[in-house]
Amino acid sequence: MNILVILIPASLILGALGLIAFCWALRKGQFQDPDGNAARILTKDHDDAPPL
Amino acid sequence: MTDTAACPGCLARPADLAQPAVTPSQTLYVSLPQIHCAGCIAGVENTLTAIPGVASARVNLTQRRARIEAQGHIVTATLIAALTAKGYDARALNPEALAATQNDAAGRDLLLRLAIAGFATMNVMLLSVAVWSGATDATRQMFHWISAAIAVPAVAYAARPFFASAAAALMARRGNMDVPIAMAILLAMGHSIYEVLLGGHHAYFDAALSLTFFLLIGRYLDHCSRRAARSAADELAALEPPRATRITPKGDQQVAVDALAIGDMIRATPGTRLAIDGIIRRGRTDLDRALLTGEAMPAPATTGDAVHAGEIVLTGTLEVEVTQPAKHSTLNQLKSLVEVAERARSRYTSLADKAATAYVPLVHALAVLAFIGWYAATGDLRVALNIAVTVLIITCPCAMGLAIPAVSTVATSKLFRAGVLVKSATALERLCDIDTVIFDKTGTLTEGQPKLVNTVADAVLALAAGLGQGSAHPLSQALVAEAKTRDLTPTTVDNLQEHPGQGVSGTSQGRTVKLGNAAWLNTPEADGMATYLSDTRGQIHHFAFTDSLRDGAAKAVAALQTDGLKTVLLSGDRHANAARIAAEVGIPETLAEVTPAQKSTTIADRAGHTLMIGDGLNDTAALGAAHVSMSPAAAVDASRAVSDVVLMHGSLTRIPDTLSIARQARKRMQENLWLATAYNAIAIPIALAGFVTPLIAALAMSGSSIVVSLNALRIRSTP
Chain P
-1 MNILVILIPA
9 SLILGALGLI
19 AFCWALRKGQ
29 FQDPDGNAAR
39 ILTKDHDDAP
49 PL
Chain E
8 MTDTAACPGC
18 LARPADLAQP
28 AVTPSQTLYV
38 SLPQIHCAGC
48 IAGVENTLTA
58 IPGVASARVN
68 LTQRRARIEA
78 QGHIVTATLI
88 AALTAKGYDA
98 RALNPEALAA
108 TQNDAAGRDL
118 LLRLAIAGFA
128 TMNVMLLSVA
138 VWSGATDATR
148 QMFHWISAAI
158 AVPAVAYAAR
168 PFFASAAAAL
178 MARRGNMDVP
188 IAMAILLAMG
198 HSIYEVLLGG
208 HHAYFDAALS
218 LTFFLLIGRY
228 LDHCSRRAAR
238 SAADELAALE
248 PPRATRITPK
258 GDQQVAVDAL
268 AIGDMIRATP
278 GTRLAIDGII
288 RRGRTDLDRA
298 LLTGEAMPAP
308 ATTGDAVHAG
318 EIVLTGTLEV
328 EVTQPAKHST
338 LNQLKSLVEV
348 AERARSRYTS
358 LADKAATAYV
368 PLVHALAVLA
378 FIGWYAATGD
388 LRVALNIAVT
398 VLIITCPCAM
408 GLAIPAVSTV
418 ATSKLFRAGV
428 LVKSATALER
438 LCDIDTVIFD
448 KTGTLTEGQP
458 KLVNTVADAV
468 LALAAGLGQG
478 SAHPLSQALV
488 AEAKTRDLTP
498 TTVDNLQEHP
508 GQGVSGTSQG
518 RTVKLGNAAW
528 LNTPEADGMA
538 TYLSDTRGQI
548 HHFAFTDSLR
558 DGAAKAVAAL
568 QTDGLKTVLL
578 SGDRHANAAR
588 IAAEVGIPET
598 LAEVTPAQKS
608 TTIADRAGHT
618 LMIGDGLNDT
628 AALGAAHVSM
638 SPAAAVDASR
648 AVSDVVLMHG
658 SLTRIPDTLS
668 IARQARKRMQ
678 ENLWLATAYN
688 AIAIPIALAG
698 FVTPLIAALA
708 MSGSSIVVSL
718 NALRIRSTP
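Just so you know, the sequences run in chain order P and E. The first sequence runs -1 to 50 under our numbering. The second sequence runs 8 to 726 under our numbering.
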């Protein structure tokens, strides 16, 4: 059962990493224009990150 | 390749490398209601960046608008002209009014809370699985403590919207669905912490978190379903404020109408909508008053006549003396009429509120009874408290909280795809109550565009069309359009000259020809909308017009009548015109020559529930007074702002369609409430008997939420 000392923090840290990644994406405006992003991937034009 | 290719795969490179850098000094917004694909995005962005002085343009396809960074001298009108030339429908937006909604702060906030609740739920659920599978003593205690460490901050942050809403309701001495929700979450948390401190068997951290998570999903769905509609509504408020051309000794100036004072002179060119009330000091014109009075036929006006805000100058340039400041104009008086009407509209209790008022006291009474019963039977305070708390947790209206938002999300998104914008949260429910549909005439049932009705020889029509090309008057334009549909080439007319308020004159085959009103041509006037032509031999020809019906008008009226709804026509136009249109579409009851205030009181005095459909400024008060209101997309901003539902596409057959989807939605909402009640009817006895464990609570809660959501999705598949 001592393995729990490692496993539980490991699972929590991995989960937290996912959460942080999501918050980062939210702050960077990646959920501002989902329809547009779906369409833009089909164009040939160079496209930088969306402006905030 | 010497270029600095950013992507070796497609050889695309940053566009700004190819252009000299432009330092932007302002941000402009343009609304693009029609864009829908990748091609549109590229087209709009390329068109905009090609304009000198524009630094960058970014289209947001979700919000159907573009954001433009440009130098100070660029005005929105330039951008719109460029886009219109390329065939994109574009409208100006006021950047200040949009700033608040641009980032959708509320949506991001909800999404963040949802993410945190989801993360915490997953982790606590995993720990709970271990406890349910039989962890004991120290292991169970450790898992409970870890769960508490995750759950307490997560609930404190993620469930705040429910706490805030419940607190607000309690302050106002009302009950809403958030009161039992907040109570169940708080009790589950408090009870679990208490049990963990005492080393107890059952902790409900997972229940508190999954409750928060499911309910936040409901909230977020609700928010998303109305985001599209809300951003459209914001755009109405954000449309650029009206401006006027002021005549000053130093030349003409463009000023905001608020800056105009009594006695100022303004210039109005053909095609402008007047933004103030005043008196014509110089010039003759034809005024389109359809928005104010519902009259389809433009009225001539000349020096000394009064003009009102909202009227459109069709012909001739006017100099107008301002007689009322903008805030006292006819337009703004109508606005205050709307406010009065809206205040009078009885406060509607939604299905969710009705369910909550019935449900909340019942559940709380049951919990209290459970506590008293168990305390009397066992004399053990902890057991009695335990059972009372589990009753409250298991009866938490999680499914009820989802029951209505899930349905309205599915229904509004289905309507949105069909071109119907539902702006108000309770509009779908209110639509089910109506027994009478009241139509406005001009612009709602009819196109507001005259159409030639009498038989005219081709040669005569060709001459009339030749003259008509010289004027923006709707009757001239109707003649030109009719000639086009008959494949006639308009006769060449020289020396075309427009006589505002009278007609058009010119020369053909060396003789004077005239197209204009009866008085100008010295001929007796016929009934209804008509214009007259004096040909090369001086002979007078008569053209009669009618306002053509909007697509699907008769079909929509027929469908509504089969549905058992009464239909009424309410118009500001003359009796004869209103009666003719009513007969054409099959409406039995007609009220004509009514003023805006009368329209509003007519609706307020009618028994039963009315649906008002109108587009003009003269309808806004009536729209506000009706039980539900609809307006077509071409309506004036004020009407669309007051309406609950906006029809984005031309056909009126969307009205019966919307009604049938609203009825389906209400049926599903009621079913969902019954499902949620049925689940409670099973769960409450188990809780009262003291058999509920955290596992049962978690299963029951997720199970009922999923059933309710699936039931809501059925609307999508029904035609």
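Do not rely on the hints blindly, as some may be mistaken.
[Claimed, not checked] Looking from chain P toward chain E, a few residues come up when the C-beta cut is under 7 Å (computed):
#1 A8
#2 I11
#3 I18
#4 W22
#5 A23
#6 D31
#7 P32
#8 D33
#9 G34
#10 L40
#11 T41
[As the list claims (entries may be wrong)] Across the chosen pairs, the derived CB separations fall in these ranges:
#12 P:A23 / E:T725: 34 to 40 Å
#13 P:V3 / E:E678: 24 to 30 Å
#14 E:E678 / P:P32: 45 to 51 Å
#15 P:K26 / E:W152: 55 to 61 Å
#16 E:R115 / P:V3: 33 to 39 Å
#17 E:D494 / P:A23: 57 to 63 Å
It should be emphasised that the hints constitute simulated quantities derived from the structure, not laboratory data. The C-beta atom is built at its ideal place from N, Cα and C for all residues, glycine as well.
>> For the restraint on P:P32, tell me whether the closest CB of chain E is nearer than 7 Å.
In response: 6 Å, holds
> Should the hint that P:I11 touches chain E count as held when the rule is a Cβ pair under 7 Å?
Replying inline: Cβ of P:I11 sits 11 Å from chain E, so the hint is violated.
>> Holds or violated: the hint that P:T41 contacts chain E, with Cβ atoms closer than 7 Å.
In response: This hint holds: P:T41 lies near chain E, its Cβ roughly 5 Å from the closest one there, short of 7 Å.
>> Quick check on the hint: P:I18 CB to chain E CB, less than 7 Å?
In response: 10 Å, violated
> Do the beta carbons of E:R115 and P:V3 sit within 33 to 39 Å of each other?
Replying inline: 37 Å, holds
>> Would the hint on P:D31 be counted as holding, given a Cβ-Cβ threshold of 7 Å to chain E?
In response: Since chain E brings a Cβ to about 4 Å from P:D31, closer than 7 Å, the hint holds.
> Hey, does the P:D33 contact hint survive, CB to chain E under 7 Å?
Replying inline: 4 Å, holds
> How about P:L40: closest beta carbon in chain E under 7 Å, or not?
Replying inline: Since chain E brings a Cβ to about 5 Å from P:L40, closer than 7 Å, the hint holds.
> Do the Cβ positions of E:D494 and P:A23 conform to the proposed distance bound of 57 to 63 Å?
Replying inline: 59 Å, holds
> Hey, does the P:A23 contact hint survive, CB to chain E under 7 Å?
Replying inline: This hint is violated: P:A23 lies away from chain E, its Cβ roughly 10 Å from the closest one there, beyond 7 Å.
> Does the Cβ distance between E:E678 and P:P32 fall inside 45 to 51 Å?
Replying inline: 31 Å, violated
> Does the Cβ-Cβ separation between P:K26 and E:W152 fall within 55 to 61 Å?
Replying inline: About 35 Å separates the Cβ atoms of P:K26 and E:W152, which means 55 to 61 Å is violated.
Hints 1, 2, 3, 4, 5, 13, 14, 15 from the earlier list are contradicted by this structure; the remaining hints agree with it.
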